[in-house]
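Chemist: Guided by the hints, dock chain B onto chain A, whose structure is given.
Just so you know, the protein sequences line up as chains A and B, in that order. Residue 1 is where the first sequence starts when you use this note's numbering, and the numbers rise one by one after that. Residue 1001 is where the second sequence starts when you use this note's numbering, and the numbers rise one by one after that.
Hints were generated in silico from the structure; no laboratory data involved. Backbone N, C-alpha and C define an ideal beta-carbon position, used for all residues, glycine too. A couple of the hints might just be wrong.
If the Cβ cut is set under 8 Å, some of the chain B residues that face chain A in the computed set are [said to hold, decoys possible]:
1. THR1188
2. LEU1189
3. VAL1192
4. ASN1193
5. ARG1194
6. THR1202
7. ALA1203
8. GLY1212
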Amino acid sequence: MNREFTADLKKRIEEITARYPSRQAALLPVLHLVQSETGFLSAEEERAVASILGLPPIKVREVVTFYTMFTRKPLGRFHLQVCSNLSCSLADGERILRHLQAKLGIGAGETTPDGKYTLTEVECLGACEQAPCMMVNFDYHGNLDPEKVDRILEELK
Amino acid sequence: MKITIDHLNVDVEGRKSVLDAARESGIYIPSLCDHPRLVPFSGCRLCVIEVRGRRGVVPACGTYAEDGMVVVTSSPSLQKMRLQILDLILSEHPSACLICREKETCEDHKSTIRKVGEVTGCVLCPNNGRCDLQTVVEHLKPDNLHFPALYRDQEIHRKDPFFERNENLCILCGRCVRICHEVRGASTLAFVNRGSQTVIGTALGRPLLDSGCQFCGACVDVCPTGALTEKTVKYETLPDEKKATICGFCSQGCELTIHVKQGRIQASVPAENGPVNRGQACVRGRFLVRDAVHHPRRVLKPLVRKNGRLEETGWDEALGLVARRFAATAPRDIAVFGSAQDPCEDLFILRKFAREGLKTPNLSGVEAFSAPARLLEAAAEQDIAPPLNGRISDIAKSRVILLFGNCPPMVGLEIHQAVKNGARLIVVGGKESPSIRCASAWLKIPGGKEFDLLTGLSKILAGDGHPQNGSGPKGEAEFKKHLQEFKIADAVASSGLPEEKLHRLVQLLEKRRPAAFLFNATFAEGPGGKANIVALWNLALQNQALFIPLGLESNVRGALEIAAHFRDGAPSAREIGRSILGGAFKALYVCGHLPRMERSPAEFMVVQDSYLGDAGEFADVILPATTFVESEGTFVNMEGRLQKFSPAIAPSGEARPGWRIICDLAGTMGLPGFAYEAASAVFEAMAKTVPAFRGLNGLERKAETFVQEPAKESRAFAVRTPSAEEAAPLYEHDPDRYKGLAMSRDIKSLNIVRGHK
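The shape of chain A in the complex, shown without the other chains:
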């Protein structure tokens, strides 16, 4: 299951690593790049990145599994990330998550069968001032309540 990256992707990886003092330092941007190309990071991509950067594969695994912005499964078209960390919990972010689960009929970490939505429970999104909050793909939505969530979902259609 050895994955070969395309020559173009390899070239772009080398461009990134050239900007860093060591190849290991380029791990995050390289993973972002690979994910943007392949959609998600499977074990094959982990292995390929480790081999290109000369790292033990475990070093890639620990980074990929640590950050929620890296995904190891294919995502739906809209990635809904709901924060469950301190500020959002105090502002009942749990309610937002429950609402979405009921509405979409999926649990956290799952994708709707039509491949449209993926729901993820995440740690702090760095937007505590607008708790409870969530991200839809790369956009922030704060001060949420179920009605506001419904409106946001309407607009996605």
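Modeler: Just chain B, lined up with the frame of chain A:
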């Protein structure tokens, strides 16, 4: 400097954490993530302390002692904080037994045995009684837990050999991750996921077998809980006693602690204060001692061949037969082949018996085919005297390391330390090994072709400069002349490296000092072996490098010193070894392993071994010898370190120590001078006669005693070119062999590890 810990004045030397300083003064601070061999992690926060003049609390493991520091390690508020932390840790660790009010009397009344799949409490945990978490709980004495218990319900990883991983017992202290990365350099484990989802995982979630694990067991030894458990002890209770010994599997001489249960070995773990290994071991020392010593191939009674089959018999009959056959054979038709895995006492008596008892000149042994033996041969021919007592720990201080072939595991750890401190490692030849992973370059030059490369490097390093007037080492003028005649093109051709690469290598050597040069038997054997050694020696002289031959068997160095004492000129031990295999002698006395042969090498062959090995196929008599765990003796490790060990368990069956077998045989033959009572008496006799041991005391176990080296001018260049007449290697050294036991074949778990690539 002086610091105050809980009103106690403590003297602290060097840079030391408050936690270490407290430990040394006998003050216990609860801690779960810190470990003496690891960089402070400050993860568990149990070791929080108050420091006068500082706000809040700080972890003792990550706070270094400063002169005049005043530290409080226990107070009501610290106790409260620690209990809260413990509460959180125990919310995800089976805790019922830890706070059970009847735990004191549980052991007496418990009627269940521990054969359960899942551990739900201490009484069902393999780590019961040796658990750091239990110690912390006993110290902090929580009377209640305040969080609902959560059982993680993770699948237990049982597919790997030797040990299991149970995430449900893991407290995520990270000791296993850090020892694997910081000390072992294997980086097999890591924290996977984040926050409450975190577990200890492997690369790509594969079994350890697929993850580059060496199965050294370091993670198991540092695990504070039962999350990592050795499979063979998981259903056993605590050992009856713990005995110290020296590992007999290789030349490093790691100190091991043998856990003994009802007279048998329960486990072998590396001794924390072992001067060579400092708490580390390899898969052999950590997991195979028990299997090897109690192996079904052990010979438990003397065997004598009758009608073509080996049959058990008594010692008197077996020794009587050997005595009669030896007495009926002319001395020059008898040959003796020693094992370098036997202690000095056995080797001394064996050689004394051959020389003074049998009066045969035909003495050989495994040690004659080792890297240090080849070095000594080459040195004697060139009249140079390289030092042999190089310290393994000095390797870590090097800034560039040239490794020829593979190295033993503890040497590998020192190399890894050096590389971590910024050194460069260049590996030449050898097989795929853990060291390759931290190498800057792996030059796959075929064995025997190293001479040209090394001479080329010497030539570039020497430049065009002329020898300084008389100030240089002996032989310098001749050496420079030799270099002038040498063509770099030859080095380029035989190494396959472009000239520019050679210059880069020389730059590395020039810029980074000190250097360490290490070589194994593959580099030293075969055509060109001695020329390789001399070329490397010259380069080491030019560069003031540490120069270490890597012997493999546990007592190669001791065997060489003893062999040197009993040697009387030609033919050499190597030639005799060849003749033995060639069938030149009528009667043979072989200790341990001989290379596999097609037919019997002699009319009458006696094998003294602990196992029924390959040599047993043709043996007429097999005399059962003890293993290192069952006997008293002395090894000399690759540094020349004298390592005394005592028996940890009684001998299996009727096995006897090697020296005792020979003394009994000499007695049966009516030979005088072999009436030794104990191994210590043999050592005393040896210390009186063998120069390297002169004046050394075998009875005292001193941490640092080294055999003596001849005081001779060693700094001299020499010139030697490869010659084709040297025959191919006779003896293939296998690190997984102990006497007649090929562990990678005969022990299933190691077979899985070695067979798995």
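Chemist: If a hint holds in the structure, say so; if it doesn't, say that too.
Modeler: Structure-based check of each hint:
1. Taking 8 Å as the C-beta cut-off, the interface hint given for THR1188 of chain B holds, the closest approach to chain A being about 6 Å.
2. Hint status for LEU1189 of chain B relative to chain A: holds, with the closest Cβ pair at about 7 Å, below 8 Å.
3. At its closest, the beta carbon of VAL1192 of chain B sits 5 Å from a beta carbon of chain A; the interface hint therefore holds under the 8 Å criterion.
4. For ASN1193 of chain B, the interface hint holds, since its Cβ comes within 8 Å of a Cβ in chain A; the closest pair sits about 5 Å apart.
5. At its closest, the beta carbon of ARG1194 of chain B sits 5 Å from a beta carbon of chain A; the interface hint therefore holds under the 8 Å criterion.
6. The beta carbon of THR1202 of chain B is positioned within 8 Å of a beta carbon in chain A (closest approach about 7 Å), and the interface hint is therefore held.
7. Checking ALA1203 of chain B against chain A by beta carbon gives a least distance of about 4 Å; that is within 8 Å, so the hint holds.
8. Interface hint at GLY1212 of chain B: satisfied, since its Cβ lies 7 Å from the closest Cβ of chain A, which is below the 8 Å cut-off.
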